[in-house]
Amino acid sequence: MKKTLQELAAYLGGEVEGDGATVIAGIAGLDDAGEGQITFLANPRYAAKVATTNASAVVLPPGTDAHGRNAVRLANPYLAFAKLLTLYHVHPAPARGVMDGAWVGEQVTMGGDVTIWPGAFVGNNVTLGDRVTIHPGAVLYDGVTVGSDVTVHANVCIRERCRIGSRVTLHNGTVIGSDGFGYAPDGKGWFKIPQIGIVEIEDDVEIGANTVIDRAALERTLIRKGTKIDNLVQIAHNCVIGENCMIVSQVGISGSTKLGQHVTLAGQVGVAGHLEIGDNVMVGAKSGIPGNIPANQMMSGYPAVSHRDWLRSSAVVPKLPEMRRTLSDLEKRVKELEVQLAERD
Amino acid sequence: MKKTLQELAAYLGGEVEGDGATVIAGIAGLDDAGEGQITFLANPRYAAKVATTNASAVVLPPGTDAHGRNAVRLANPYLAFAKLLTLYHVHPAPARGVMDGAWVGEQVTMGGDVTIWPGAFVGNNVTLGDRVTIHPGAVLYDGVTVGSDVTVHANVCIRERCRIGSRVTLHNGTVIGSDGFGYAPDGKGWFKIPQIGIVEIEDDVEIGANTVIDRAALERTLIRKGTKIDNLVQIAHNCVIGENCMIVSQVGISGSTKLGQHVTLAGQVGVAGHLEIGDNVMVGAKSGIPGNIPANQMMSGYPAVSHRDWLRSSAVVPKLPEMRRTLSDLEKRVKELEVQLAERD
Amino acid sequence: MKKTLQELAAYLGGEVEGDGATVIAGIAGLDDAGEGQITFLANPRYAAKVATTNASAVVLPPGTDAHGRNAVRLANPYLAFAKLLTLYHVHPAPARGVMDGAWVGEQVTMGGDVTIWPGAFVGNNVTLGDRVTIHPGAVLYDGVTVGSDVTVHANVCIRERCRIGSRVTLHNGTVIGSDGFGYAPDGKGWFKIPQIGIVEIEDDVEIGANTVIDRAALERTLIRKGTKIDNLVQIAHNCVIGENCMIVSQVGISGSTKLGQHVTLAGQVGVAGHLEIGDNVMVGAKSGIPGNIPANQMMSGYPAVSHRDWLRSSAVVPKLPEMRRTLSDLEKRVKELEVQLAERD
Numbered sequence: 001m002k003k004t005l006q007e008l009a010a011y012l013g014g015e016v017e018g019d020g021a022t023v024i025a026g027i028a029g030l031d032d033a034g035e036g037q038i039t040f041l042a043n044p045r046y047a048a049k050v051a052t053t054n055a056s057a058v059v060l061p062p063g064t065d066a067h068g069r070n071a072v073r074l075a076n077p078y079l080a081f082a083k084l085l086t087l088y089h090v091h092p093a094p095a096r097g098v099m100d101g102a103w104v105g106e107q108v109t110m111g112g113d114v115t116i117w118p119g120a121f122v123g124n125n126v127t128l129g130d131r132v133t134i135h136p137g138a139v140l141y142d143g144v145t146v147g148s149d150v151t152v153h154a155n156v157c158i159r160e161r162c163r164i165g166s167r168v169t170l171h172n173g174t175v176i177g178s179d180g181f182g183y184a185p186d187g188k189g190w191f192k193i194p195q196i197g198i199v200e201i202e203d204d205v206e207i208g209a210n211t212v213i214d215r216a217a218l219e220r221t222l223i224r225k226g227t228k229i230d231n232l233v234q235i236a237h238n239c240v241i242g243e244n245c246m247i248v249s250q251v252g253i254s255g256s257t258k259l260g261q262h263v264t265l266a267g268q269v270g271v272a273g274h275l276e277i278g279d280n281v282m283v284g285a286k287s288g289i290p291g292n293i294p295a296n297q298m299m300s301g302y303p304a305v306s307h308r309d310w311l312r313s314s315a316v317v318p319k320l321p322e323m324r325r326t327l328s329d330l331e332k333r334v335k336e337l338e339v340q341l342a343e344r345d
Numbered sequence: 001m002k003k004t005l006q007e008l009a010a011y012l013g014g015e016v017e018g019d020g021a022t023v024i025a026g027i028a029g030l031d032d033a034g035e036g037q038i039t040f041l042a043n044p045r046y047a048a049k050v051a052t053t054n055a056s057a058v059v060l061p062p063g064t065d066a067h068g069r070n071a072v073r074l075a076n077p078y079l080a081f082a083k084l085l086t087l088y089h090v091h092p093a094p095a096r097g098v099m100d101g102a103w104v105g106e107q108v109t110m111g112g113d114v115t116i117w118p119g120a121f122v123g124n125n126v127t128l129g130d131r132v133t134i135h136p137g138a139v140l141y142d143g144v145t146v147g148s149d150v151t152v153h154a155n156v157c158i159r160e161r162c163r164i165g166s167r168v169t170l171h172n173g174t175v176i177g178s179d180g181f182g183y184a185p186d187g188k189g190w191f192k193i194p195q196i197g198i199v200e201i202e203d204d205v206e207i208g209a210n211t212v213i214d215r216a217a218l219e220r221t222l223i224r225k226g227t228k229i230d231n232l233v234q235i236a237h238n239c240v241i242g243e244n245c246m247i248v249s250q251v252g253i254s255g256s257t258k259l260g261q262h263v264t265l266a267g268q269v270g271v272a273g274h275l276e277i278g279d280n281v282m283v284g285a286k287s288g289i290p291g292n293i294p295a296n297q298m299m300s301g302y303p304a305v306s307h308r309d310w311l312r313s314s315a316v317v318p319k320l321p322e323m324r325r326t327l328s329d330l331e332k333r334v335k336e337l338e339v340q341l342a343e344r345d
Numbered sequence: 001m002k003k004t005l006q007e008l009a010a011y012l013g014g015e016v017e018g019d020g021a022t023v024i025a026g027i028a029g030l031d032d033a034g035e036g037q038i039t040f041l042a043n044p045r046y047a048a049k050v051a052t053t054n055a056s057a058v059v060l061p062p063g064t065d066a067h068g069r070n071a072v073r074l075a076n077p078y079l080a081f082a083k084l085l086t087l088y089h090v091h092p093a094p095a096r097g098v099m100d101g102a103w104v105g106e107q108v109t110m111g112g113d114v115t116i117w118p119g120a121f122v123g124n125n126v127t128l129g130d131r132v133t134i135h136p137g138a139v140l141y142d143g144v145t146v147g148s149d150v151t152v153h154a155n156v157c158i159r160e161r162c163r164i165g166s167r168v169t170l171h172n173g174t175v176i177g178s179d180g181f182g183y184a185p186d187g188k189g190w191f192k193i194p195q196i197g198i199v200e201i202e203d204d205v206e207i208g209a210n211t212v213i214d215r216a217a218l219e220r221t222l223i224r225k226g227t228k229i230d231n232l233v234q235i236a237h238n239c240v241i242g243e244n245c246m247i248v249s250q251v252g253i254s255g256s257t258k259l260g261q262h263v264t265l266a267g268q269v270g271v272a273g274h275l276e277i278g279d280n281v282m283v284g285a286k287s288g289i290p291g292n293i294p295a296n297q298m299m300s301g302y303p304a305v306s307h308r309d310w311l312r313s314s315a316v317v318p319k320l321p322e323m324r325r326t327l328s329d330l331e332k333r334v335k336e337l338e339v340q341l342a343e344r345d
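The listed protein sequences derive, respectively, from chains A, B and C.
Per this note's numbering, the first sequence runs over residues 1 to 345.
Per this note's numbering, the second sequence runs over residues 1 to 345.
Per this note's numbering, the third sequence runs over residues 1 to 345.
If you are wondering where the hints come from, they were derived from the structure by calculation, not from laboratory data.
The reader is advised that the hints may include incorrect statements.
Identical copies go unnamed one by one, so any copy, or any two together, can satisfy a pair.
As the list claims (entries may be wrong) - Subject to a maximum C-alpha distance of 25 angstroms in a straight line, what follows is the list of computed SDA-like cross-link-like pairs (lysine to any residue):
id, residue 1, residue 2
1, 319, 243
2, 225, 322
3, 225, 92
4, 319, 187
5, 225, 202
6, 192, 87
7, 49, 296
Please model the complete structure; the sequences and the hints are all you need to start from.
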């Protein structure tokens, strides 16, 4: 793969400075890049390295010194880095069709350029769009529908009738559509509430490894388009996760909770059930959310409070033993003062 | 599936009010139910909807107004809802036997109406009861025993010699019997302590997706009958989980801890090792349990205290910065008072 | 398996007391051991049982009374117990080669005594050392390399080009090399940063069930030799875990964090990204680590402080409501004193 700097600038939506005919064959960091490679300056702290890098070109944000290097000037060099990595390193494998050793059920509908690896299992009445890849050991139960340009990695399970959109990636071991955790006490033990709903995952969603999203009791658990979910996350039945959310590893979201769009939950956060979390809410790592949160808040702690208040109260907690001693001391001194004053009356 | 209201009342253990010959073909919520469907009132807040629902019959608790509708009167409409969902929606698939593409070892004993899907693996000396279903990609190592009416979902692993009771469901990706986490320091690093015990799961247990229950070092890790375990739970070696417990998602229980019966651990709780947790204990979400808990307690926080005390102290934590300022201010004022009094002497 | 006491003493590096010709056929605890078995005293609390055990020999630490029993005397009886369990109970199964129903790609290089079970999948250009066992449903993507004496349990996934050392065990459902969680905001949603690095796991590492270790964005996520990782652990992209660490269940470590050697993270700990954790650090269960930790510290809480300080402040937290009342009361009393003094002026 070789591109001229001019071609890269057009791809990235930036302006060339210097020689647009320079040929670029790869991408690397400021320290590692060499002849024929392009690098980028994302953190202004490293601006001086632009003068010394061996790269043939540099992606630069506005207002930084190019030190006479060939450059592409644009607003977001970090995004450009992601796009260049994609250009140089992401090449879809050629489609292989239904390979020997793949099990495919009856009444399965497939688009073009599908690959189903040996050891993958596709149940009856499944629908697959174009350019779907099902890796070994992945299991699609009956009635699943999958859009186009979807990658289902090895050992993923998609349960009965769940619906997956287009441009979705499911990493290894993830389970979509296992039963929600619902039981009614019957006086002796627990009577299972059948979970007859589904999970629906919209377009452009990526889900990490060994994550679990439970099917709804009656209707659907819904992951809206553009949302990214990390590894080992639990999303319980009937949740709705809005568009373009970021759900970091080991988060747990209890049943029927609804997230707005562009919500960020950092690692190991827990969210109680039947809540509404507004748009653009950010929740700090390990926090516990017991109630609704209006839009645009940044919360931390358990029970979560504003991130600012959490930082402040967290800083005081280690001083509690000292505060307690001071308080006890003050009580004695106040008592003494009271006695002294009383004696003078 | 069609039943008369009289038949449903008999199935549910309730009393018919109105026309017992009414034919019921399905179940839905108060708002959605229509002609030929039965609905239910579980929350008294919605009692007025009984008058306006389009359902052909309503399941009602004692003392509520039937508004002249056909009704089944019983104590626990929520449980009745679960039972009706089961009646109308849960229909076991016909048995398919050992299907082409299933791997079955030597000396495997099977009851009647077993289904082993393609891509499932059943090791040597495995025993399966009646009506067992092993989904694709599930792996039963040598010497596993499974009771009757058991569903092992796709990509579950059951390790060597573990024992599964009857009416057990294991959801996708769950691992039963992986090695406990035990090592002895040998002066350089860690020497593995072989984990030669098993896991035993009694009857009527359901375990969610991607949960892990480790085998015992020497004897057995035991899950007693009726207990329900959610997704992504960790149960370490040599634990005993009592009857009818509820272990919610992402809970972790350390080695050799024993839970009594009817214990509820909410999401993301952690329990230290070698503890005894009494019957009917309830632990709030995200709590950490460092010591034994007697029966019938409700605990929260980390380290956990009574739920009531946790609520109270949690409410004070955000006020710590203010308390610290007040304390500092009081110190100065008391000092000033002491000086003033001394000056008067 | 039968060994004389003298042979066991040589194997364990201890000294025989009594009859070295005693034949030992097994191992059990002080209470359970019988004729022909060896037992051990690890906890001095049980020293009196040495006199009453039915075992034919006892492993004893220095300075304890053998009560006239046949004994092996050595410094660390718990380690000896682990070694004896290994001797008597761990017997590698004979190699079976590439079994019918295993899928093996092109250009796969294998050492001697390899076993690949039915339903296992080994991609193209994979290299396997000697005595490697790949269980059913395990999936090795293209270009994976594996050392010798490695066990890959059922339904493990090892992604493209990842490298596994020798004497490594991967328990069921674990995922090595899924994509790191990296996205750049593009003004509308999230643009994926391709994760083109790998995971490298050095020798003598054991990893529990359903754990996930993400591949690096550009270079490698590294698990150094001798480290033990429990179930359901998350290790994010570009982390480096030092030698002989102990990472307990449900821990999450964020991207690019580096652990020194012999670090212990207890259950459910969370560690933020881009941190340095020094050698021999121990972190208590459920703690959250927001910053670097120098070597040899013991930390707890969230945000973590020294374990000692955490114990002290945790003990005060439940007293906060009382402290708040005392503080409020003191304010009033000080105000009253101030008024009284003012009145006297």
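Can you name, in rising order, the numbers of the hints this structure does not satisfy?
Violated hints (numbers, rising): 1, 2, 4 and 7; every other hint is consistent with the structure.
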